[in-house]
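Protein chains: 2
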Amino acid sequence: MKITKLTKGISLKRQLESGNEEQLKVVRQVLADVRAQGDTAIRFYTEKWDGFAPENLRVTQEEIEEGANAIDQQLYADLTEAAQNIRHYHEQQKRSGYRLELANGSWLGQRITALDAVGLYVPGGIAAYPSSVLMNVIPAQVAGVKRIVISSPAGRDGKLPPGVLAAARILGVEEIYKVGGAQAIAGLAYGTETISPVDKITGPGNIFVALAKREVFGEVSIDMIAGPSEIAVLADDTAFADEVAADLLSQAEHDQLACAILVTTSEQLAKKVADEVEKQLTTLPRQEIARASIENFGAIYVAEKMADAIEAVNSLAPEHLEIVTKNAEAVAEQIRHAGGIFIGRYSSEPVGDYFAGTNHILPTNSTARFASGLNVDDFVKKSSIVFYSEKTWAENAPKIARLARMEGLEGHARAVESRGWEKE
Amino acid sequence: MKITKLTKGISLKRQLESGNEEQLKVVRQVLADVRAQGDTAIRFYTEKWDGFAPENLRVTQEEIEEGANAIDQQLYADLTEAAQNIRHYHEQQKRSGYRLELANGSWLGQRITALDAVGLYVPGGIAAYPSSVLMNVIPAQVAGVKRIVISSPAGRDGKLPPGVLAAARILGVEEIYKVGGAQAIAGLAYGTETISPVDKITGPGNIFVALAKREVFGEVSIDMIAGPSEIAVLADDTAFADEVAADLLSQAEHDQLACAILVTTSEQLAKKVADEVEKQLTTLPRQEIARASIENFGAIYVAEKMADAIEAVNSLAPEHLEIVTKNAEAVAEQIRHAGGIFIGRYSSEPVGDYFAGTNHILPTNSTARFASGLNVDDFVKKSSIVFYSEKTWAENAPKIARLARMEGLEGHARAVESRGWEKE
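From first to last, the protein sequence lines are chains A and B.
Take 1 as the starting number for the first sequence in the working numbering and just add one per residue.
Take 1 as the starting number for the second sequence in the working numbering and just add one per residue.
Just chain A, with the same shape it has in the complex:
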């Protein structure tokens, strides 16, 4: 990894895949066809791209059991414990609305209610991560969403991956469809004979899925379009180079476009980490991907003092940030922008990917400046409530009418003034 002296903020401007016109045309065709023809179109496209269409789009209870039983019992227990931890962390995010009493019996309120139905897209093949099922479904369950649907492409054997089915069984999700790609997004957004429409679609996918989510956005809600993973490690001379290197590689192995950055006040650590990364790369199974990521987007910055290093991290607004320094908790207090913060030597980032309880779906590409990781708030909506008594109305109607007339909206003024006469 290249070692650079830190002189100013760090910025992260990867050109991310946003799809070309040909892909968009295909996606629009799929969406239009599913909207018009429902299941028929879903079967048509599934057969076209996946090579076959399952007889029943919906996974049966027996298939869920069979899949869940196919995974190692120790792993099943690990997944169960992870689910408990994730639920415990997210339960703290549950909120109720409020009622604000005003004078004369009037009041204002905010009501918070769960969405009726949400759909989780789970990509096929190697990217079908059981951990992502937990991370998407649990916040929705904690929010109180009644109907939670999973859609995912079946393999050539007509089955979904056992890990995904195990996660679904652990969480009690029973509505699962063997549908992938843009046709899955269309089915979830518009509904078909088999699939009732949902209000929000979450979960990652390939470029066709991402384009389809963008297209249906507005008609339904979607989560963020996640980019490749990033990790920044902020470390001083108390950090161990082999641990820092291993953590950088843990994100680099995700994707050639992933980004791993070390910001440190220790030139010695910088050099050791660079060496360790090289050394550890040689035995990593996903070496090819990790090496491309490290070579293209990996970087080590050496800062003169911790304050400069902290400011550089804030300018980067990384998805994941590890802080391995003296007084790490105090340093963490100075971080304004990061999706997930991992404090101290033992909080290796994968701890949060799988198990600790925080969500692993976090804002990438410097959007932590304004965006948050997936959380319970993403599955609720808020309504405001106004109750004005006659007395409050009488006191304020002239003011409201004046404000409406200032904006040229006479109808608004008249509506407020229409009350309170002796009638009938």
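Since the hints were made in silico from the structure, they are not lab data.
Cross-link-like lysine-lysine pairs, in silico, DSS-like; alpha carbons within 25 Å at most:
(1) B:K423 / A:K272
(2) B:K5 / B:K271
(3) A:K399 / A:K423
(4) B:K8 / A:K146
(5) A:K423 / B:K272
(6) A:K423 / B:K279
(7) A:K5 / A:K326
(8) B:K423 / A:K279
(9) B:K94 / A:K94
(10) B:K326 / B:K271
(11) B:K423 / B:K391
Just a few of them, taken from the derived set where beta-carbon distance is under 10 Å, the chain A residues facing chain B:
(12) H88
(13) G97
(14) S131
(15) V220
(16) A246
(17) S250
(18) H254
(19) E329
(20) G340
(21) I343
(22) G352
(23) K382
(24) S384
(25) A397
(26) P398
(27) R419
Where a beta carbon is used, it is the ideal one built from N, C-alpha and C, also for glycine.
Assemble the complex: chain A is given as a structure, and chain B must be docked to it using the hints.
For chain B alone, kept in the frame of chain A given last:
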């Protein structure tokens, strides 16, 4: 207005303007030019479309004072009182994060922080509503956003509307630019020599502004793209027809595409309201707009029983909902989807547009199924925090490594396992 017997859910599918390719091309050119040339491009496009470019893009403190002093003192006091009410309501929405203690000294946390900087776009001319300045700026201030910027096109006299400047003075907003259109959105998103970039852009605008906001989304955050206004009134035979009619017209006068719907259990009220709407239309200054809205999108539904009426309203998920019935508060409890709920005869909808304290920027076009009105949460972001002690790490590392290996991510497993050896 046409009176229909309610038989099933009500749906609202207006075809909303989403911009054509020619408009998108123009917007992309403006964005690219402002990104490359900054103020020069902003001046070029302002001169091209507004007919002149102000010498100073930034409004001076003297101009703010002059504008604020130009409005009627009573109105200034009304705006000030409205601002206080809005602040009081939104202050209840402030939240802090949490810290969740785990065993063995470990803990998880959620930190909630305000965005650094946000920009409010205020459209020019008649649509420059001072009330919208209050509704956008106050939630951001309550969230703790330090830098709040307004951008709005100047009139031919080189000035901004006095009402907008008065609202800005009341709120203490001092960074205001005389820039409108797509070039304003570009300036706020990318920054220029004069304008520092912001993290989020809110506020309504014409089709060019809306397209520009969509294009910069991802680089910065944006609020929802608001559609034309809607009102639904849910009423029984206790409601007064003239009041219901006046409230329907108050939203119809906004826009030819606005939508006003009455759902009632009283056939007599239905007929009376239809007559009243006709009568009141004849004297309404914005009669032409309101009539087009009522004719195209207005409707009265008569339900057999209140439960059916309530379900119909839930299927509609209206932006504004008035409930004028017996036991209105109990009826309100059964509403699952509505942006803003107004309970009882004296809570005429314009009460919330201007004064009560709730926000008037609410989800339109049935998106209240999954979206919320503008609120303090829109101006904060959340970071998750993990602190694992050595003991917690030691206890859980094998589980985390197993889960990582199940997903084929050996680098993740090794990162977690790299801790805890005797080193140096």
